[in-house]
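Protein chains in written order, with this note's numbering: chain B, -14 to 296; chain L, -13 to 230.
If you are wondering where the hints come from, they were derived from the structure by calculation, not from laboratory data. Among the hints, a few may not be true.
Taking lysine-lysine and the DSS-like style, the derived pairs with C-alpha atoms no more than 27 angstroms apart in a straight line are [stated by the list, open to error]:
| # | chain 1 | residue 1 | chain 2 | residue 2 |
| --- | --- | --- | --- | --- |
| 1 | B | LYS282 | B | LYS221 |
| 2 | B | LYS43 | L | LYS183 |
| 3 | B | LYS45 | L | LYS141 |
Away from chain B, derived, C-beta distances all over 12 angstroms, residues of chain L [claimed, not checked]:
| # | residue |
| --- | --- |
| 4 | ALA27 |
| 5 | VAL178 |
| 6 | PRO181 |
| 7 | LYS183 |
| 8 | TYR190 |
| 9 | MET213 |
Interface residues of chain L toward chain B, partial, derived using beta-carbon atoms under 10 angstroms [stated by the list, open to error]:
| # | residue |
| --- | --- |
| 10 | GLN171 |
| 11 | LEU175 |
| 12 | TYR176 |
| 13 | THR179 |
| 14 | PHE186 |
Quick reminder that beta carbons are idealized off the backbone N, C-alpha and C, glycines included.
Residue-level listing of the chains:
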Amino acid sequence: MSRVTFFEVEILDPKTKGQLCFLDKVEPHATIGEIKCLFHKAYPQWYPSRQALKLDPKGKALKDDEILQNLPVGTTATLYFKDLGPQVGWTMVFLSEYAGPLFIYLLFYFRLPYIYRHKHAFTSSPYPAVTLACVCHSIHYIKRLVETIFVHRFSHGTMPLRNIVRNCLYYWGFAAWLAYYINHPLYTPPYYGNKQVNYALAMFVICQAGNFSINLTLNNLRSDGSKARKIPYPTKNPFTWLFFFVSCPNYTYEAGAWFSFTIMTQCVPVGLFTLISFIQMTIWAKGKHYTYIREFKEYPDLRMPIIPFLL
Amino acid sequence: MAAPAKGTSRTAQNDVSSIKKKGPGALATAYLVIYNVVMTAGWLVIAVGLVRAYLSKGSYHGLYYSIERPLKFFQTGALLEILHCAVGIVPSSVVLTGFQVMSRVFLTWAVTHSVREVQSEDSVLLFVVAWTVTEIIRYSFYTFSLLNHLPYLIKWARYTLFIVLYPMGVTGELLTIYAALPYVQKTGLYSVTLPNKYNFSFDYYTFLILVMVSYIPLFPQLYFHMMRQRKKVLASVEEHQKSN
């Protein structure tokens, strides 16, 4: 008959080295996640997603699925605790980031009082380009909200609270700024008129469809519930054929959509938003691209991070 | 924003962790020594220029004109420091360095140079003096550090004089921007109005007010960061002396 050796876990404050919590009779195959739940019982204000447990005061945080007996510890494990601060779920973050611009743009489109001169309150623009821009902008964010609720799978559960403040400021601020100009009584429609608007609109729709296709494809990679990374490949859907050339076609299409929107509205603030978004997405795409290359020896050679052959 | 905090917080990181970092190669070190010596000399030229102008004029009003050219040249030259960080021969953050240098360049060109009427203000002298003293100390600090021969006096000066120089510089900068406001509003300097085919507008007057407001959160943060760095650096010197 084998006897199970229970572990003891002590959790210390990394600065004072004082003992915050002592857990005895811990199962050897307990996970870090389970230990966090036990710690939470002792300190109700520190819910599990707010805890970082480390083997070394200056080391990296242990993952929730790590098993106690696989760690380089004796039967008495010493862990150091760090408070990550208030956390908020990724879904919550995305919903607020996207719902904001959706509504804020409409405030400007309907020219609510105090935004423009009093005589313009509740008036509407004579230009079809302006109404079209409102429709496109709204559809873009509605699509993002739908994707957040039904499509995306997040590998991390939460992020620090201050991120939601910073992200929302960025999205909401820019939405207000560009909506202000597009819906302004002194708005000047595009130089090449309807031709410019219609071509840009077509490109916008194509990019939205493309981005949505890619998000669905990426979602299907983990349809079995696994957390392992897989190489995405082109499918029968022509929009996914961009996978032959880039690692992150979702970002490519997104950049394309905003570029089209800039042409459609011929508005500098939109152009600035497009530029900044493109820079950020390029940084993300490069990160993802090199992660893929590191992890998979058979990763396709032809692919670039975000722009085929170029970037 | 005034220099003491900026420059100091930049290499303060170096001081504490210089043992761990690899540092630039021999060629890069030679280049950096030359760069820092040239900058030290440049700001000394500005200092001497100020003193001579004061002595010959007999008053401290309108001294800006006597050092306008070297000030513009050497302050703008500091843009190279952003490149140094980007290339990696200086282990500082590109963003932080960029922010610090750009704010100086902004004050030099977009405020003092662009709005002639403020050039005779006394507030200009206030920040020019603060910048000059700070930069002479900062660049000689870097020079000596690169040559591994840092006199305690320079280290002490760098981490102590900011206590006075930083508020002095900030005051000079804020007063200068404030003095520029009426002229900017009257002439519509650097401003764009609607309607135009780019559907864009920019009000430089409002922008300057926002810049002034941004000092409120930024100044205390940088100042107290400097204070903390001071404690760290000067405490480690004490310990080193005790162990000797």
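Against the structure, the hints come out as follows:
1. B:LYS282 <-> B:LYS221: Roughly 25 angstroms separates the two Cα atoms, so the pair holds.
2. B:LYS43 <-> L:LYS183: Cα-Cα ~55 angstroms, so violated.
3. B:LYS45 <-> L:LYS141: Cα-Cα ~34 angstroms, so violated.
4. ALA27: 38 angstroms, holds
5. VAL178: 9 angstroms, violated
6. PRO181: 4 angstroms, violated
7. LYS183: 5 angstroms, violated
8. TYR190: 16 angstroms, holds
9. MET213: 20 angstroms, holds
10. GLN171: 20 angstroms, violated
11. LEU175: 19 angstroms, violated
12. TYR176: This hint is violated: TYR176 of chain L lies away from chain B, its Cβ roughly 15 angstroms from the closest one there, beyond 10 angstroms.
13. THR179: Constraint on THR179 of chain L satisfied, holds at 9 angstroms.
14. PHE186: Since the shortest Cβ distance to chain B is 4 angstroms, the answer is holds.
Of the hints listed earlier, those the structure fails to meet are numbers 2, 3, 5, 6, 7, 10, 11 and 12, in rising order.
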